[in-house]
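Based on these hints, arrange chains B and V on the given structure of chain G.
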Amino acid sequence: MVELNHYLILSALLFGLGLIGFVVRRNSLIMFMSIELMLNAANLTFVACARHHVGAEGSVLALLVIAVAAAEVAVGLAILLALFRLKKTVNADEARELRA
Amino acid sequence: MNELGMLTALIALPLVGGILLALLPGLRPEPARILTFALMLVTFLLSLALLAIPAGSSWNEGPFPWVPRFGISYLLGADGIAALLILLTTLLAPLVLLASYGHVHDRIRQHCVLLLLMEAGVIGVFCALDLVLFYVFFEMSLIPLYFLVGIYGGARRVYAAFKFVIFTMAGSLLMLLGILYLIHKTGSAAYPDLLRVSLSATEQFYLFWAFAAAFAVKVPLVPFHTWLPDAHVEAPTGGSVILAGVTLKMGTYGLLRFALPLFPAAAVDAVPWFLALSVIGILYGALLAWAQRDMKKLIAYSSISHMGFVVLGLFALTGTATSGAVLQMVNHGIATGALFLLVGMLYERAHRRGLDDFGGLAQTMPVFSVFLVLATLSSIGLPGLNGFVGEFLILLGTFRDHPVAAALASLGVLLGAIYMLGLLKAVLFGPVRNHRSAAYSDLTIREVSMLCPLVILMFWIGLFPGPLLRRIEPCVNQMLEAPQLELSRHREEASPVPRTATLRDGSQP
Amino acid sequence: MTFLAALILLSPLAMAIALGLFGRRLPGRTPGFLAFASAGVSFLCAATFCLRLLALPASERALSLPLYSWISVGSLDLNLGILVDPLSATWATVVTGVGSLIFLYSISYMQGDSGYRRYFTYLCLFLFSMLILVLGENLVLTFLGWEGVGLCSYLLIGFEYDKEQAAAAGRKAFLVNRIGDVGFLLGMFWAFWSFGTLSHETLASSVAGQAVSPWLALCFFLGAVGKSAQAPLFVWLPDAMAGPTPVSALIHAATMVTAGVYLLCRLSLLFAHAGWALMVVAIVGAFTALLAAVIALRQYDLKRVLAYSTISQLGYMFLACGVGAFSAAAFHVTTHAFFKALLFLGAGAVIHGLSGEQDLRKMGGLKKSMPRTYRSMWFGALALAGIPPFAGFFSKDEILGSAFAGGHYVLWSVGLVTAALTAFYTARMMTLCFHGSSRLAEGVHPHEAPPLMGVALSLLKWLSLFGGLALGVEALHFRPLHEFLRPVLDPAAEVLAIEHLSVSTMVVLLALAAALALAMWTLAKHWYLGDRQVLRRWELAAPAVARWIAHRFYVDEAYHAAIVRPLGALSRLCRNLDTHGVDGLFRGCARSAAGMGSVVRLLQTGVVHAYALWFLVGVVVFLWITVG
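Residue numbers (our numbering), protein chains in the order written: chain G, 1 to 100; chain B, 101 to 609; chain V, 610 to 1237.
No lab work stands behind these hints: they were computed from the structure.
Keep in mind that a hint or two might mislead.
With the C-beta cut set under 7 Å, the calculated list includes, among others, these residues of chain V facing chain G [as the list claims (entries may be wrong)]: (1) 1214; (2) 1216; (3) 1217; (4) 1221.
Taking CB as the label site, the calculated pair distances span [claimed, not checked]: (5) V:677 / B:577: 22 to 28 Å; (6) B:151 / V:1162: 31 to 37 Å; (7) B:454 / V:1210: 49 to 55 Å; (8) G:87 / B:306: 54 to 60 Å; (9) V:664 / B:542: 49 to 55 Å; (10) V:677 / B:151: 15 to 21 Å; (11) V:1206 / B:255: 21 to 27 Å; (12) B:203 / V:1216: 45 to 51 Å; (13) B:536 / V:984: 51 to 57 Å; (14) V:1053 / B:566: 26 to 32 Å; (15) V:612 / B:243: 54 to 60 Å; (16) V:1046 / B:541: 53 to 59 Å; (17) B:539 / V:984: 51 to 57 Å.
In this text, all values refer to a predicted model and were calculated from it rather than measured experimentally.
Note that beta-carbon positions come from the ideal geometry of N, C-alpha and C, so glycine has one too.
Looking at chain G on its own, in the form it has when it is part of the complex (with noise of 0.2 Å):
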């Protein structure tokens, strides 16, 4: 039987490969699919705490998630497309204009 602890450690493995590939990788790229990663962490425990307390709360939130995720997609794939064209490059490193 696959318990609620078994979907929490695996959730918290995938968040914290989503972490690490964040700090660690400077492609921006990756750094996002990073960031997907870590919201799908979440997600899954979400999902998982809903079907073990049998409530719709849960699978809500998750979805609401999701949508927001999608939103997120939409435009930090266009400020990666942007900075690209202005760069020639996904690097993160290399995009320092905020600097102050």
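The following block gives chains B and V in isolation, referenced to the frame of chain G:
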């Protein structure tokens, strides 16, 4: 009166006009300016109706609930004092617009919008009787002036505008805290309600100084005055006129309307401080003015000196002195407004303002000279002109309880003559130092027509101050009722041991 | 009656406004004639008023004519209105009378000046202000006139404003006067809170019987000292001679400078109750009289000699007030107005005839080329020197007599010495100017003054001769002016219990003074006409004294070093303090806020990973605080 009426109309007319003008980008500059002038003229004519307010009473509009949960409402009221200051505002506004023909050649429509919004804000300040509403108008009048200085000003205009806003905001934030505390404590922001609230001595102390801080910066009282010369020097002529003529009065008006009656005990305790600061301001401002070689700076510092007289009169807490102080607010607006207009006219011709750049203009610009001499004489308080009546009443009223302060302040009258006559001598008399000055044309009809109303008022107030004083005095007495009560209580408590060695009455019994 | 009284004031005012606003198109000398007409109307009204008052019984000789309530706040209620009583009527008559003659003279004198219309506008405005000063029914109105005449004096001294020196002299006069005005203002405040009124009539009645603080009286006295150029505030008057000569005659000799004396007479009752204050007045007056007379001994500018003699004569008037002889002061004001106006107008004729030359060393022998001016000047000079039976003799010796009668023998002897010096410097001036050989510069051709100026001179000439005889000869108990002024000035005299001299003492004193004056006159004439060696020997004997006198005791320099320069330095110090100190403080606040910002902004690296790390740290800290 519980309905919307004249006061709302006076605020709404320039406010709505300004917003509409801002939203009509298709309008060409010249029609916009003429439209604005017409609007200001109508506002002025409407405001003349305020003269019908019976002496000692007021016109009120509201309260209409605004944020009922916190007791914030739309409540306006105008008594004699407010009426005079509103009239001064509505009179100066069209003159400032006329002056803009000489020096505003770009962004004309925006300039008109700013002036209209400014006018609405200042009128609002003078008749708001709800503290939050007052605060809103107080800040609302600040922003157009920021842009007037920052966009249309001289070389260091951004610095000056920034400094001016930071100073004023820093002061008024303290006042906002005070207002929030009052609302928290009483559940109402309406002035009439707050008058009835009794506050403990500690509460009064903190609240009074919070309010006083906002107003002292605005007046400005030494040592919070250093924004004023910068703002004046960089401001365009119209900005200077509004700044000196109207906005400085918001400070003294606030002191009289809110700080004194709402927190009488703390105000009475603070009297020595304010007397000292105002006397220092009078003398220090005058000495500073004397050392200046730039005309606008000279007049700016003279404003500090003259506003010192007003604060002195307010805190002398006698009906005579305080009435004189209110009259002097109007007088200073007229005289200093005229001086700034005149300096502006000269600047438009010569593009310089230094005292050493001119000389002998009496020969080449006789009409200008006559007006400059009159404005100067009004400013130094020559009897027969308006400045004298105010100064005389202030000093007379102050002398009763504080003869030393009055005597020192009288020296300010002397110093005033020194630097203002120095200005006249440098600009009008003596040999012609600047050979280009022969080419300056004398004043045009537009310029003369701007100055004439002010000069007429100088003589009118100097010779027939009765109608004004009849309106001022009862209102002043209402404002001073609480502080004077507090003062007499103080005296009774102190009577077994004479607290101060000031002589009350010169004569031996 | 009201109309007549109002006309005294309105006639010059209306003319000033009319000339100032609409006079630009008037041709030639018309402005002058119009101004003269307005002054004449004013004079006729004032004189009529005097006669009307004479017809009334002594106790009713005061008419208060309020126009409207001017300033009314609290217990202060000031009317704008006029008070005609013997004192103000006398002054008004003298001012308008001498004034109209000077207006007449100016018509010719100022002819051809580019500022002709402006000149007469100011002159009319001056006359109006002076009349307000005299006729105002309360102290504040008097102050209004007081400042008004100061303003006109400022404008008229600086009349030729393209000259640096004239503009500076005008400003100096106004400022020194303003020092006195501060005293006047403080006096008014103090008086108001002590007596509850500022109206002349009620003030007199509420003062009666009260002890007044001497310092209160001295506040007013300070005002009088400034306006009447007494020590130590006399420095502005000699410089004021930069104005046109008729202005010097009208404002700086005959009328405006006597305003201080008017104030003392007006407040005589207050001063009488003020203890030692009157003694101060007397001492200051006597000291000024002597000091100015000494300075006049060595001046070479014709107008400056007259200016110092004016200061000296004003000192006599203050001395008179100080010893309680207020009516003697008023008498001397009147006669002095006649002969000093005459002397100044004569000097003007000389200067006019010499095309602007004012230096006595470059005159001499003018009696042949300017006989009429010469004769007129003689009348004035004899009156000034106090030679009987000219006007000055009677008034001056009445003052000396009063000092003697009051037992102030020191003051009396100072006055007597001054009288001797006066005779000496007057004779010196006349001799240097008209007698001896001509020392004129090349190309100067003296010519006699035009007829209009001559008319004014000859009228004043007869006034200087008979003015004293007609108005009061104390030794004969013939004192019409004093009788006229009694209702106003007697209360003070009663309080002070003034002594009167016996006729025999009086005659002895008169003879002494007259003999002394004559002797000094002859001496001066002899020294300056003939053997100048005596003078040189005197100068060599005491060079320091001679230098001090020639440099007017360095008073101007002392003021410059002690007041003007320190104040200027103080103002520059304030400027530095303000820009570096006060504003520096606020700029420092701003800079420290900006400094903090510049430290914090180092965190803003622009590297996304750094932000992510900070984010991570934040989350850990948050978890640590909330969970752990």
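Hints and how they fare:
Annotation: residue 1214 of chain V was flagged as interfacial toward chain G, and the flag holds, the nearest CB pair being 6 Å apart, inside 7 Å. This hint holds: residue 1216 of chain V has a C-beta 6 Å from the nearest C-beta of chain G, less than the 7 Å allowed. At a threshold of 7 Å, the smallest CB-CB gap from residue 1217 of chain V to chain G is about 5 Å, leaving the interface hint in force. The beta carbon of residue 1221 of chain V is positioned within 7 Å of a beta carbon in chain G (closest approach about 6 Å), and the interface hint is therefore held.
Between residue 677 of chain V and residue 577 of chain B, the C-beta spacing of about 23 Å keeps the proposed range 22 to 28 Å intact. Evaluation of the 31 to 37 Å hint for residue 151 of chain B and residue 1162 of chain V yields a failure: the beta carbon distance comes to about 59 Å. A beta carbon spacing of about 41 Å between residue 454 of chain B and residue 1210 of chain V contradicts the range 49 to 55 Å that was offered as a hint. Distance hint check for residue 87 of chain G and residue 306 of chain B: the Cβ-Cβ separation is about 56 Å, which falls inside the suggested range of 54 to 60 Å.
Roughly 54 Å separates the CB atoms of residue 664 of chain V and residue 542 of chain B, a value that falls within the hinted 49 to 55 Å. The hint said 15 to 21 Å for the Cβ distance between residue 677 of chain V and residue 151 of chain B, and at roughly 19 Å that hint holds. Between residue 1206 of chain V and residue 255 of chain B the Cβ separation comes to about 26 Å, which falls inside the hinted range of 21 to 27 Å. Against the hinted window of 45 to 51 Å, the Cβ-Cβ separation of residue 203 of chain B and residue 1216 of chain V comes to about 49 Å, which satisfies the hint.
The hinted window of 51 to 57 Å between residue 536 of chain B and residue 984 of chain V holds, with their beta carbons roughly 53 Å apart. Checked against the hint of 26 to 32 Å, the pair residue 1053 of chain V and residue 566 of chain B fails, with Cβ atoms roughly 59 Å apart. Between residue 612 of chain V and residue 243 of chain B the beta carbons are some 59 Å apart, a value that agrees with the proposed interval 54 to 60 Å. Distance hint check: the CB atoms of residue 1046 of chain V and residue 541 of chain B are about 55 Å apart, consistent with the given range 53 to 59 Å.
Separated by about 52 Å at the C-beta atoms, residue 539 of chain B and residue 984 of chain V satisfy the suggested range of 51 to 57 Å.
Hints 6, 7 and 14, counting from the list given before, are not met by this structure.
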